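**Q** Okay, so the sequence shown: first residue is 1 according to UniProt numbering, each after it adds one.
It is worth saying that the hints were derived from the structure and are not from the lab.
These figures come from a predicted structure and were not determined experimentally.
Hints are supplied without guarantee of correctness; some may be wrong.
Within a straight-line C-alpha distance of at most 27 Å, the following computed BS3-like cross-link-like pairs (lysine-lysine) qualify [what the hints assert, rightly or not]:
1) Lys237 - Lys67
2) Lys132 - Lys237
3) Lys304 - Lys67
4) Lys237 - Lys164
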Amino acid sequence: MATHNSSQPADSRVNDFPQNFFDKYRKSGATRDGGKMQECFRTFDTDRDGYLNTLEFDGLLSQLFSKRGKPYLLTDSQRTELFNLVDSNKILDPVTALIIVDVQNDFISGSLAIQEGELIVSPINNILDTYKFDLVVYTLDWHPHDHISFVENVKKREIDPASKVKAEHAKVQDEVIFRIPGYEEGRIQTVWPRHCVQNTEGAKLHKDLKLLNNALYINKGTDPDIDSYSAFWDNGKLRQTQLEAELRKRKVTDVYVCGLAIDICVRFTSLDSIAHGFRTILIDSACKGVDQQSVEPSREQIRKSGGLCIDICEMGDIYSLVDRRPEIGLHAARTALGGKKCDEIERRVITQ
């Protein structure tokens, strides 16, 4: 879509657009049709000069990023970035994945039970019943019996001299620094009660959680010497799970995240999803946290990193693209530009 920056006022027809040009293209596949995209360009190119000036582009943005006909207000910096690249294909024809994080017995009624953790099972089931995702992913903590995160195992490894907590004094949620053979730096680890040991009842997904056919299952924390809060990586970013590769293979654009716990594994999974370029939506009311004081900072970190935090009651409009948030478009643009700021990229003007 050709654009150029202009201080000239747009033709008066800039306000004569259809009710909302993009509503008819939601999840239709039309954005892969060159003819439909030419129609889009001609609709907003009101002075018919073969380009979109800034005022014409504002008209496009007001319809592309809107909720039930009411446009979102964009900052100048957001408008500048989007002026350089709007990837409407990904905005209007998303490929969706739902990642359900660690809804396991030990986190609900077992050794590391999260307060009211069982209350998220019904909302997650409702989401699965209501929305058709292109991929559903269930993640599981899947620890060996000698895992580094278990407080019961602290004395089984050498403690780094820099560790303020010594083996004999370690207790749950203490931060211990271990010496790991083959690594020069000490490995920092918060220790927890023994939980989600492979092939035990505590590691199983909750009995009431709906399990879909053709879902993907991701086991994490399988290395005894390093933890893995994220479903994408271990905590040291040394090894990836297969999750990113599976999402790429299916051309996923939008990742919805829910589960346990919002301040630990859900947070790290969401942040890695954002870092890998997926538009990431945290379903806040389908999560619970370990430490209530860290829940809001976790949400804020996800927002500042480029993710959305929504309530389950907002799911319908977001999923159906009735509510098209500008954050979604900004993340699409930044991802397509390889994470670079738009002012670092030479603007191309393509004639139609």
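**Q** Decide, hint by hint, whether the structure agrees.
**A** Taking the hints in turn, this is what the structure says about them:
no., hint, result
1, Lys237 - Lys67, "violated, 38 Å"
2, Lys132 - Lys237, "violated, 32 Å"
3, Lys304 - Lys67, "holds, 22 Å"
4, Lys237 - Lys164, "holds, 24 Å"
Checked against the numbered hints listed earlier, the structure breaks hints 1 and 2; every other hint is satisfied.
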